[in-house]
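S.K.: Residues per chain are reported as follows:
2 protein chains.
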Amino acid sequence: MKIDLILKNANIYNVFINKWVHSDLWILNKKILYIGDSSKYDINANQIIDVKNKYIIPSFIDIHMHIESSLCTPKIFAQEVIKHGITTVVAEPHEMANVFGKEGISKMIEQSKNPYIDIFYGLPSSVPSTSYDLENNGGEITSKEIDELMKKYKEVICLGEVMQYRTFINEFEDIAINNKENKTIELINSVQENNQLFAIEGHCPSVTDLDLASLLYLGVNSDHCLQTPESMINRFEQGMFVELQDKSIIKENIDLLINGKYRGLYSFVTDDCPPNIIVEKGHLENIIRKAIEFGLPFEEAITAGSYSPAKRIGFRDRGAIAPGFIADFLIIDKLDKDFNIEEVYKSGLKIDLKNRIDKSLEKNFPDNFYNSINVHKNFNIQDALTIKVKENKTHSVKVMRKNSKSTYTDLIERSLNTKNNELDWEYKDTNLVLSINRYNKNTFGCGFMDGTCIKNGAFCSSHAHDSHNILLIGDNKKDLELAYNRLLEIQGGIILVSNGKIINEIPLSVAGIISEINMNDLSKMVIDLQNNLVKYGVEHANPLMSLTTISLPVSPNIKISDKGIIDVRTQKIIDLFN
Amino acid sequence: MKIDLILKNANIYNVFINKWVHSDLWILNKKILYIGDSSKYDINANQIIDVKNKYIIPSFIDIHMHIESSLCTPKIFAQEVIKHGITTVVAEPHEMANVFGKEGISKMIEQSKNPYIDIFYGLPSSVPSTSYDLENNGGEITSKEIDELMKKYKEVICLGEVMQYRTFINEFEDIAINNKENKTIELINSVQENNQLFAIEGHCPSVTDLDLASLLYLGVNSDHCLQTPESMINRFEQGMFVELQDKSIIKENIDLLINGKYRGLYSFVTDDCPPNIIVEKGHLENIIRKAIEFGLPFEEAITAGSYSPAKRIGFRDRGAIAPGFIADFLIIDKLDKDFNIEEVYKSGLKIDLKNRIDKSLEKNFPDNFYNSINVHKNFNIQDALTIKVKENKTHSVKVMRKNSKSTYTDLIERSLNTKNNELDWEYKDTNLVLSINRYNKNTFGCGFMDGTCIKNGAFCSSHAHDSHNILLIGDNKKDLELAYNRLLEIQGGIILVSNGKIINEIPLSVAGIISEINMNDLSKMVIDLQNNLVKYGVEHANPLMSLTTISLPVSPNIKISDKGIIDVRTQKIIDLFN
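The listed protein sequences correspond, in order, to chains H and L.
Taking our numbering, the leading residue of the first sequence gets 191, the next gets one more, and so forth.
Taking our numbering, the leading residue of the second sequence gets 191, the next gets one more, and so forth.
Don't read these hints as lab results, they were simulated from the structure.
Mixed in with the good hints, there may be bad ones.
Because identical chains share one entry, a pair is satisfied inside a single copy or across any pair of copies.
To be verified - In silico PhoX-like pairs for lysine-lysine, Cα to Cα no more than 20 Å straight-line:
1) 242 x 344
2) 480 x 588
3) 303 x 344
4) 192 x 370
5) 583 x 553
6) 451 x 209
7) 714 x 192
8) 631 x 441
9) 303 x 540
10) 220 x 370
11) 524 x 344
12) 344 x 334
13) 609 x 524
14) 609 x 667
15) 609 x 668
16) 480 x 437
17) 725 x 714
18) 578 x 668
19) 553 x 762
20) 292 x 198
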């Protein structure tokens with residue numbers, strides 16, 4: 191019999207029995223055929239490679255992530271992460287869905303075919319992130335649309351994260367007992383009805399005990415938020431799958447997992463990974479190394495990056511090195527956190543890592559995706575920057591106070607003087623923040639922010655969670671106006687302006703939220719922007735993210751949308767003036 | 191908050207962390223809401239039951255079984271097995287599919303709604319069991335039909351057992367490399383394409399190493415046949431799920447599983463369980479008890495009867511006692527093989543075991559299912575019983591030799607004299623065997639059988655694996671003719687005749703293979719028949735099965751179909767005469 195490839199003399203990790211096996215690996219037409227002693231059989235291979243006792247492990251699978259956070263398109267993303275050993279991701283395109291609704295999801299899926307990694311999709315269950323009472327976006331996702339997309343695309347493999355955990359907990363009795371109408375519950379029911387083997391991804395930070403049980407009862411069965419040992423134990427015991435992202439990889443958490451008792455009940459995920467982290471530190475690989483560094487046994491860490499996530503989703507053809515599985519695997523040199531990925535095999539083919547393609551693309555999406563910033567014709571930026579008041583007295587206004595540690599904001603109060611019946615807010619260590627509708631509606635929210643915010647400049651972004659309206663933040667009108675106009679001119683992107691000069695500009699030409707620039711260049715742009723944001727006053731581990739989440743009304747405590755300032759805890763719009 | 195039921199003071203088994211928890215169990219609208227301390231919360235329940243420290247375990251799930259083997263309809267089956275703690279089965283209706291094709295499958299599914307157990311379906315992948323070169327049946331299942339049924343019925347949850355393992359192994363190169371057409375491969379590809387999360391059930395007795403890898407490569411990923419410790423290790427290592435049925439529950443196999451290392455890689459199943467075994471010994475419960483008796487830890491055994499099979503199929507709502515799971519569970523009194531099932535809860539409702547319904551049904555299937563024995567108008571039973579020869583000499587004929595241990599038969603040779611140009615075979619310790627087409631085709635196979643076979647009588651059955659043609663076995667014409675005529679008269683069943691008298695008669699009015707008689711009565715009939723079969727010469731642990739598999743051309747070594755005597759090893763029809 192003639193097969194494609196034999197890798198001889200390999201040390202292969204068997205995830206089923208948690209054992210290393212010294213053996214040969216046979217590959218036939220994209221799949222693994224056999225693991226054993228070739229000399230027993232009359233076999234011919236087109237190619238035989240002596241692996242020289244190196245180690246072969248399953249390549250990595252990331253089941254909870256958002257490609258849009260890498261600021262690039264699926265194809266650009268794929269050509270970069272393959273070198274970090276990722277061969278399968280389950281992406282959740284709720285950013286694109288917020289801009290283009292069902293069409294956005296379809297185009298993301300259709301633009302995901304590539305020779306490097308398999309991109310599956312979880313359909314967004316929370317678009318918009320709250321409701322049209324609190325924000326406007328570019329497209330809602332209904333249960334009918336979810337059903338249509340599930341039928342149409344084989345890439346759709348689960349329901350993406352249910353973000354409405356607060357509503358589910360607060361209104362549990364109404365929803366579960368009194369059958370109160372809820373759009374997300376409708377989606378969940380539809381998935382349970384029509385795709386009963388699909389996972390339903392969750393998002394429930396710090397929720398435990400009966401509150402957690404309520405979410406499980408309503409169908410949510412994973413969580414990827416920040417964990418503690420206690421929160422993990424509570425999830426394991428109640429049957430909720432735990433997805434550990436970078437911020438959850440801390441010593442105490444890893445200590446809990448060391449003995450292998452919870453194997454299969456958790457995996458690693460990246461959730462949101464910016465381009466500079468991918469390029470400089472690696473993707474899921476980075477998290478796996480960190481877990482090993484904190485003491486997780488090598489095999490346990492590999493399993494949580496391959497087989498466990500595959501089983502969570504229900505994949506039957508990946509996550510292990512075994513007959514019938516897709517020949518996706520890595521050849522590595524050693525079994526510690528500094529392991530080098532020497533070769534990556536995808537569907538039985540060796541990826542040329544040295545001459546790897548890292549090219550930019552051009553206009554792979556439909557035309558309307560490149561003309562997506564549509565401000566209403568009656569909106570006037572100068573008017574918006576001018577806050578008129580009737581009385582020329584000191585006014586008390588509500589202010590979102592940022593901090594340098596997290597994306598949480600607090601509500602504080604501030605006094606602002608007036609000048610010619612206009613609030614005098616320029617150059618006062620306080621930023622004006624506008625969220626301007628970009629979907630042809632004449633709405634905008636106006637608020638103030640202080641804490642770690644911009645000094646002597648302005649920031650403007652059309653990548654602004656989750657509705658991706660235009661977020662405009664700065665301490666003077668001139669820079670704000672320039673940043674805003676430039677954003678309109680380039681039809682989307684992230685811009686930093688100071689003293690009438692553009693300091694940084696990252697064009698995000700696709701739907702105003704992602705780019706077709708190759709990830710290396712994109713990464714450099716992001717690093718430069720991040721450095722400059724710090725320089726201009728935005729102290730934070732991730733200054734960019736600390737700004738682009740100012741418009742996310744599910745992130746505590748005070749945020750802003752195109753409909754106004756939002757108290758996230760009460761889910762109400764509040765007035766600017768006290 | 192007002193919920194339906196609280197079970198207080200329970201010792202609940204948590205399959206996720208393999209631990210007993212002393213706690214309360216909350217039930218709301220068919221599902222489990224919470225496991226914890228009720229006193230912490232302001233909660234009202236319509237009913238509170240003190241379990242008094244008894245044990246609560248998940249109810250049992252059988253993922254590989256054929257309802258037709260119980261000789262009754264799904265509803266009758268359900269009302270019986272619930273008392274044995276079974277609440278979910280995945281049935282594979284290939285017997286009914288052999289009689290009525292796609293319609294047979296549809297009607298089985300539609301007749302499965304009942305208040306006791308959830309009946310899911312694996313679609314038969316091997317109908318007929320071989321090909322139309324070797325046997326005729328009532329309906330073929332094509333990949334187009336599989337696809338239609340998968341789309342139509344939510345109860346369809348996997349692809350049923352692929353029986354063609356021999357062909358897959360023997361023709362691997364042709365199928366996998368040269369793309370030789372194969373109907374079953376088409377089915378598998380279609381499932382992998384359209385239902386990628388579906389399991390593909392296998393049947394591969396004694397296959398190991400590269401042969402096993404070949405089956406895995408082609409998509410088959412479980413095996414429910416007889417196992418040894420070696421065959422199990424080989425399957426676990428290669429990633430094949432192992433389903434242990436009664437005959438595999440032997441000391442050496444259980445010894446391998448005792449340490450829990452292989453947890454999650456295997457489950458218990460019943461495959462074929464006759465009504466008398468269900469009534470007298472229990473269903474899956476019987477196998478679980480046996481495994482515990484051989485030393486498997488109680489918790490390990492329970493897991494292999496609940497959570498592991500659920501995970502194998504990919505169910506997300508059953509197999510554990512946890513929030514969001516269907517409230518299917520058992521209250522038992524102790525943790526050893528003699529545990530008593532004191533209460534069964536299905537979807538949160540207590541089943542009244544004492545006043546349990548055990549009723550017969552009438553004509554739940556369409557009319558044509560009750561008129562399914564259609565012998566061709568030109569077929570003449572007397573002619574068929576008369577084997578004409580040209581020369582009045584001794585003839586050497588091929589004979590299937592049965593044995594008392596298994597369903598295997600050997601080919602032997604025998605000499606028969608002639609009388610008036612007719613073989614003289616009556617009352618010679620040799621049975622004449624006819625397989626007569628019942629699907630309006632004028633075909634029948636004629637052969638001889640000896641070993642543990644019928645003396646002074648005749649056996650006739652329309653339940654005859656897998657094509658369910660009329661199987662007629664006996665040692666004299668008069669009894670054979672009587673048995674045959676009676677079977678036509680009652681339109682299907684199993685009949686034993688001796689000396690011109692009907693000794694046993696089990697009417698199988700639905701498609702000639704199953705009955706709507708309640709299982710208690712049915713069981714008595716079967717026990718009486720089995721006893722009489724032994725009395726009339728058919729020595730065997732399961733005399734009935736040893737006869738009804740004489741027409742199964744995938745069961746070694748020599749069998750018979752309506753097209754003739756079949757050498758199972760070569761898959762060729764062979765001549766009666768040497």
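S.K.: With reference to the structure, classify each hint as holding or not holding.
M.R.: Results for each hint:
1. 242 x 344: Answer is neither; intra-copy 39 Å and inter-copy 50 Å both fail.
2. 480 x 588: neither (41 Å within a copy, 71 Å between copies)
3. 303 x 344: Only inside one copy: residue 303 and residue 344 sit 12 Å apart there, 30 Å across copies, limit 20 Å.
4. 192 x 370: Between copies only: 16 Å across, 62 Å inside.
5. 583 x 553: Neither. Shortest intra-copy (52 Å) and inter-copy (88 Å) distances fail the 20 Å Cα cut-off.
6. 451 x 209: both (16 Å within a copy, 12 Å between copies)
7. 714 x 192: Close neither inside one copy (47 Å) nor across copies (57 Å); limit 20 Å.
8. 631 x 441: neither (48 Å within a copy, 74 Å between copies)
9. 303 x 540: within (18 Å within a copy, 51 Å between copies)
10. 220 x 370: between (49 Å within a copy, 18 Å between copies)
11. 524 x 344: neither (37 Å within a copy, 47 Å between copies)
12. 344 x 334: both (17 Å within a copy, 18 Å between copies)
13. 609 x 524: neither (68 Å within a copy, 83 Å between copies)
14. 609 x 667: within (15 Å within a copy, 117 Å between copies)
15. 609 x 668: Within one copy only: 17 Å inside a chain, 118 Å across chains, cut-off 20 Å.
16. 480 x 437: Only inside one copy: residue 480 and residue 437 sit 11 Å apart there, 48 Å across copies, limit 20 Å.
17. 725 x 714: The answer is within: 16 Å in one copy meets 20 Å, while 88 Å across copies does not.
18. 578 x 668: within (17 Å within a copy, 110 Å between copies)
19. 553 x 762: Neither: 40 Å inside a copy, 61 Å across copies.
20. 292 x 198: Neither. Shortest intra-copy (48 Å) and inter-copy (47 Å) distances fail the 20 Å Cα cut-off.
The structure is inconsistent with the numbered hints 1, 2, 5, 7, 8, 11, 13, 19 and 20, although it conforms to all the rest.
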